[in-house]
Structures are given as structure tokens and as C-alpha cells.
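A.B. asks: The primary structure of each chain is shown beneath.
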Amino acid sequence: MQTLIYGMLGLPFVFALIAISGFFSNRALHILNRIIATIVGGIFVEMLMQISPGEVFNSEYFYLDALSIWVLLIVIVLYVASAWVSKSYLVREHKMGYLSRTPKLIGRYYALYHMFVLTMMLVLLLKNLGLMWVGIEATTLISALLVSFKFTRSALEATWKYIMVCTVGICLALLGTMILYYAQLTATGTEKALSWLWLSQHGDLLNPSLTKLAFLFIFIGYGTKVGLAPMHTWLPDAYSEAPSLISGLLSGALCTCSLYVLIRNLIIVIPTIGTAFIMDLFFVFAFLTIAIAVPFVVVQRDIKRLLAYSSMENIGIMIVGLGIFSSISVGATLLHMFNHALIKFVLFYIAGTVIQEYQTKNMMRIHGMVQEAPHTATFLLMGMFAILGMPPFGLFFSKFNIIFSLFKNGQYLLGSLMIFLLAGILIGILYHVMRMLCGRAKRKAYADLLDHTDTPFLAVLLIGSIALGMGLERIPYLNSLLLEASQIVVGGVHL
Amino acid sequence: MEQLVMVLLFVAFLQNRIMDLRKAVACLCLQSAIIAGACLISGLANGNGLHSVLPGLLTILVKVCLIPYALFRLVGKLTDERELVADINTNYSTALSAFFLMLSYVLVDKMLPGIGDRDIMASSMGLILIGLVLIVMRSRAIMQIIGLMTMENGIYLLGLAMTEGLPTVIELGIFFDVLVAVLVLVILTNRLNVSFMTTDTNVLRRLKG
Numbered sequence: 001m002q003t004l005i006y007g008m009l010g011l012p013f014v015f016a017l018i019a020i021s022g023f024f025s026n027r028a029l030h031i032l033n034r035i036i037a038t039i040v041g042g043i044f045v046e047m048l049m050q051i052s053p054g055e056v057f058n059s060e061y062f063y064l065d066a067l068s069i070w071v072l073l074i075v076i077v078l079y080v081a082s083a084w085v086s087k088s089y090l091v092r093e094h095k096m097g098y099l100s101r102t103p104k105l106i107g108r109y110y111a112l113y114h115m116f117v118l119t120m121m122l123v124l125l126l127k128n129l130g131l132m133w134v135g136i137e138a139t140t141l142i143s144a145l146l147v148s149f150k151f152t153r154s155a156l157e158a159t160w161k162y163i164m165v166c167t168v169g170i171c172l173a174l175l176g177t178m179i180l181y182y183a184q185l186t187a188t189g190t191e192k193a194l195s196w197l198w199l200s201q202h203g204d205l206l207n208p209s210l211t212k213l214a215f216l217f218i219f220i221g222y223g224t225k226v227g228l229a230p231m232h233t234w235l236p237d238a239y240s241e242a243p244s245l246i247s248g249l250l251s252g253a254l255c256t257c258s259l260y261v262l263i264r265n266l267i268i269v270i271p272t273i274g275t276a277f278i279m280d281l282f283f284v285f286a287f288l289t290i291a292i293a294v295p296f297v298v299v300q301r302d303i304k305r306l307l308a309y310s311s312m313e314n315i316g317i318m319i320v321g322l323g324i325f326s327s328i329s330v331g332a333t334l335l336h337m338f339n340h341a342l343i344k345f346v347l348f349y350i351a352g353t354v355i356q357e358y359q360t361k362n363m364m365r366i367h368g369m370v371q372e373a374p375h376t377a378t379f380l381l382m383g384m385f386a387i388l389g390m391p392p393f394g395l396f397f398s399k400f401n402i403i404f405s406l407f408k409n410g411q412y413l414l415g416s417l418m419i420f421l422l423a424g425i426l427i428g429i430l431y432h433v434m435r436m437l438c439g440r441a442k443r444k445a446y447a448d449l450l451d452h453t454d455t456p457f458l459a460v461l462l463i464g465s466i467a468l469g470m471g472l473e474r475i476p477y478l479n480s481l482l483l484e485a486s487q488i489v490v491g492g493v494h495l
Numbered sequence: 496m497e498q499l500v501m502v503l504l505f506v507a508f509l510q511n512r513i514m515d516l517r518k519a520v521a522c523l524c525l526q527s528a529i530i531a532g533a534c535l536i537s538g539l540a541n542g543n544g545l546h547s548v549l550p551g552l553l554t555i556l557v558k559v560c561l562i563p564y565a566l567f568r569l570v571g572k573l574t575d576e577r578e579l580v581a582d583i584n585t586n587y588s589t590a591l592s593a594f595f596l597m598l599s600y601v602l603v604d605k606m607l608p609g610i611g612d613r614d615i616m617a618s619s620m621g622l623i624l625i626g627l628v629l630i631v632m633r634s635r636a637i638m639q640i641i642g643l644m645t646m647e648n649g650i651y652l653l654g655l656a657m658t659e660g661l662p663t664v665i666e667l668g669i670f671f672d673v674l675v676a677v678l679v680l681v682i683l684t685n686r687l688n689v690s691f692m693t694t695d696t697n698v699l700r701r702l703k704g
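Chains A and B supply the protein sequences, listed in that same order. Number 102 in the working numbering belongs to position 102 of the first sequence; there are no gaps in the numbering. If you want the working numbering, it's the position in the second sequence, counting the first as 1, plus 495.
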């Protein structure tokens, strides 16, 4: 197991060094990139073989249980998918854009991209809360370089905001982690400093007021990274200015990783500070996030910013699910994380293709996609249906379960408010999508750029989302993994 | 230790008054040196060999040598070396910093009553808030980096006072992150200078809605 973990972390690192060195041609890099990602995927499958859903792997620095495997699965699926489609994306960008100006840019892109995924996997494998913080900060720094990859004026602006807001937020999380360590010191001594397993087993020994203070800082800190309002100001800028593939990873994988660290901290503090406080805290921020997203979706003109605000809405839903803290809602939240990651990655990729086809981000200038670019239009429509939570896509089931548990919990007012807000998002997004798809084309598209090199992967991700929603009971492994993971969150760890 | 904290607060307030970029970086360097001193003193007092002085030595290496060096080089490339906000801004930020220092004393007394190092805790909390004030009130990119570092120093000092330092592995990770963060910010500032012909962050206002 230890060797597998080292292999998983070592391979992308080696490839990053190869890619930055510049000895290889772009062709070789495209091929190697796919090979490396597939091997890492294979290593992960081998890991799944060795560890059944109920088991844990525990060593000095690494810790794997159902929860981390679930999130790791999300990251790896996106990693493999993005590695396989990145060639067609980069080739198209190269033909018409900034990539052709300087020769070594593709190597730099691959190096940063693999390092980015590497840091995310590292966060998920680590056992120590302090080291998780280090990993999350490292993801911010590397992804900042990816967000600014085009080095245009607006990309620089987005990156500056991203790095300033996120680093300040993450610093607050460090403060919270230090206070948590202080609470641990006063309760149980220096033994196993900040080890997640130790803290989750001895959570009830911690001083309640100190723990509450620590969790407030941690929540604000990682909440900034997840993109909760009112600390979300970096999010639409960063998502819209990053290369589209990276936007998909930022929204699908990075957000999920930050949320994962937040959940890990949540598990520790729940026994001491109780669910009532958590519910209030989470609901305030979550509903604020969803409510802020609605008007921006309705009046949006930039297609990637539209998707960014839709990400905020989904983050809000996940935080609501965590706040309710019943086993149904937490399971639905974890499912929502997976589905949202799959669909958002597809959508950002499609948005990138639309931008390449029409050479504009402005949705008001795109019409008649059904006639001009039928493949792209089909995928865009399906992706949008999926993200809005229509059956048979998986997001329907997770959203339904979260709203259902709100009502079951007796929160009728909040449940109705949530349905009302989601309806607003639905109207806003459908209005924009239908405008883009229908009508007479006023601006000539270059061509339908989706072809056989990337459509299969997008289709697989969409079908995966359907399978995760409708057929989850028929995939025994995933089903038990999800049950175990939500059990870890709700029930804590008893070893 | 008490004297060190007094000097530290003096330096932090001085940071509010300096408008020249070079002097501001020197001031940050001095501030980090004081933190390193505090770290070494507390490490030697605990006294178990290399492990206890390592964070202090690392602070000297990373925050007193490498980071100021990178920032000085950056300032050397810029053509105008002064902060652009109006001079009255210094008065506001100093007043705000003083207010936040008082606030942090109140916070420490309320939240952690009867803790040993009350002055150190309060001043490190004050340092964090002063860093935030600098980030919000200053418009030059380098000044914001300095604010971020001030904040980081404050958190570090708070951790030192509360827990006598985190485990070594985590400390190493944090130092590495801080170093990389400053490197990335220096690269970005360089790019800002190339693309916008200025490092004034007030020009960054195109992305909205």
C-alpha cells in the first residue's frame, strides 16, 4: 500500500519535471501525459482492490478510509478524463491563441497541471491536519500559476484576487488549526500532534469554547477556499479566466478537496460543540451563497462566469446537506460532490469549446448553436440539464435528498426558500442556454470543434453521472463506499 | 521577551507610516528578525538540541534572508518606488491599527482568560490585524505582500506563544509554503509591471458581476 501511494504521488512529479525540462517535443508530451494519468488511475484501482470499503489504511503520515477514497475517486476520475481530453483542447488553443506565441508553454502547462493534481491527491492521502493545511495552501499557489496561465491583463487581475483572498483565508484556517492544537495540548498532551485519527477518537476531551473558536476560524478559512459567500469574490474571476480545463478541475476537484478538509475538521469538533451550532453556522453561509448566486446567474453575459455562479449554488447545497448532519443528507452531499464534479468538468470543457468556436465569451453574441455546431449544442444542453438537477442525472437524486432531509428535519421555511432559489437558478440558466442554442446565427462559428478525440470521454462522464444517480444500488462497491463514508462523517470513528 | 514584543509592535506601527517601498521591505525584514529572535529565545528556554532551535534558524533563513532578498530585487526592477495612496491614508491605517491592538487585548481577555503570555498573545493577534489593515489600505502590490507577511508573522508568533511551536514536519511545510507564496507573488507582481506598466492594484477592476 505504501509503495502504491508513493507511486501515485511520484509519477506525476516525475512527469512534471520531464515536462518543464523542455527536452521532449509537444507530441511526446501529449502521449506521455495520457500514459502517466492512466497509470495513476491503474494504481488507484489496485489500491481499491487491496482495501475494502469498511477497512482503513493507517501509517505514520498517510491515512485512507472510505471518505478519503470517495473523494480520491472523484479527483482521479477527473484527472484521467482531463488528461485524455487535454490534447485536443491544447491543439485547438494552439491553432488560434496565446499558446503559439511562446514555444515552451505546453510543457509548462503540463508540469503545472500534474503538480496541481499531485497536491490535491496529497491532501486526500495525508493523516495530519497541519499537513493537510500545507497541502491546501500548496494547491492554491500552484493553481494560481495555472489561473494566470494566459498572462493577459484580466487573467492577472483574477489571479491577484484569487491568491490574496485565498491566502488570507487559508492563514485564518492555520490560526484555527493552531488553536485546535492548543486545545489538544491542554487535553491530551503533545502525543500525536494534530493527527486526525487521534483527534477524532478523543474529540470529546477537547475544551468546548476553545474548539468552537478554532472551528470558526477553520470554517472561515476553508470556506474561503470552497467559495462560500461573502468570501467568494475570487471565485467567478478565477474560474472565468483560467484555461477551461483548469476551470473544470478548480470547480470539480479543488473545491471538493477543500470541502473534504472542512469535513475532516467537522468530524473532530462535532462531539464537543454539537450539531445545533453547526447547523446555524452552515445554513447562514450556505443560503447566503445560493441567494447571491441567483441574481448574478440571471443577468450574466459571460458563459464561464455563469458556470462559476452555478458552482457557488451547488457548493451552497452541499453545505446545507452537511449542516443538516443526518446520514441521508450527508450521503446526498457526498453524492452531490461526485456528480457536480463530473458534470462541471464536462460543462467547463464544453464552454471552452464554445469560446473557441465563436471566439467570444459573451453569450449575448452566440445564437443558433443547434444549426452551426450540433455536437457542442447537444452536449451543452445535456450538461446544463444535468447541472440543473433534472432526472435521470445524478444531481437530481442528491438535490432531492438534501431538500427532502430539510423538510424531514422540520425546516419547512428553509426548504421552500431553497426550492424557490433553485427555481431562480433554473430559469436564469435555461434562459441563457436556450438563447444560445436557438435562433438564427448572427455570428459565424468556425466549425463544430468537438470530434471523436474528446466526445467519448464527455459522454462517459455524463453517463457516469446517470449511473451514479439511478443505478447506485446496482453498483455494490460504490454503494457501500458511499454508505461507509457518510457513516464516518455522521457517526465518527470507533476503532 | 516582553521587550522584544514592545519593539515588535513599534516596528509594526512603523510599517504603517512608511511609504517608500525599499524602506518598507527593510522594515519587514526587521520585523521577521524580531520574530526569529523570539523563536530562538523560546527554543533555547525549552532546550532540547537542534529540534528546538530549528524553527528559529529557518525563520532567519526564509523570512530574514530569502524573502526580503526577493522583494528587494523586485523593487529594484520597478521605476517608481513609492506607495501611491494619499498621505492621509497613513493616519487612518495607524489609527485603525491602534484600535485593533486594543481590540485584540479585549479579545484575549475575553476568550482565553488567565492565559500566561497575555502580552505576547495580544500583540501577535494585533500583528495579524495590522497585516489585514495593510492589505486593505495599501494599493501597491508589494505593500500588500508585506501585509500578508505581517499577518503570517503574527500567526506564527501566536502559535509560538500558545503551543511552543507546531511539530517540526508541519513547521517545515509552512515555511516552504510561505516561501513559494512569496515567489509566486513576486512573479505576478513582475507580470503586473510588464502588462500594466504599474504595480498599483487599483487598476485591477475590470472583472465584475
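None of these hints come from the bench; they were simulated from the model. Treat the hints with care, since some could be wrong.
[Unchecked claim] Straight line, CA to CA, 25 Å or less: simulated BS3-like cross-link-like pairs of lysine-lysine:
(1) A:104 - A:87
(2) A:361 - B:572
(3) A:150 - A:361
(4) A:150 - A:87
(5) B:605 - A:150
(6) B:605 - A:212
Values in this document were obtained by computation on a predicted structure and should not be read as measured data.
A.B. asks: All hints are to be evaluated individually against the structure, with a verdict given for each.
C.D. replies: Structure-based check of each hint:
1. Between the alpha carbons of residue 104 (chain A) and residue 87 (chain A) the distance comes to roughly 15 Å, so the proposed pair stays at or under 25 Å and holds.
2. Between residue 361 (chain A) and residue 572 (chain B) the alpha-carbon distance is near 35 Å, which puts this suggested pair outside the 25 Å criterion.
3. For the hint pairing residue 150 (chain A) with residue 361 (chain A), the CA-to-CA distance comes to about 15 Å; that is within 25 Å, so the pair holds.
4. Restraint check for residue 150 (chain A) and residue 87 (chain A): satisfied, since their Cα atoms lie roughly 17 Å apart, inside the 25 Å limit.
5. Restraint check for residue 605 (chain B) and residue 150 (chain A): the C-alpha separation of about 48 Å exceeds 25 Å, so the hint is violated.
6. As the CA atoms of residue 605 (chain B) and residue 212 (chain A) are separated by approximately 14 Å, the hinted pair is consistent with the 25 Å bound.
Hints 2 and 5 from the earlier list are contradicted by this structure; the remaining hints agree with it.
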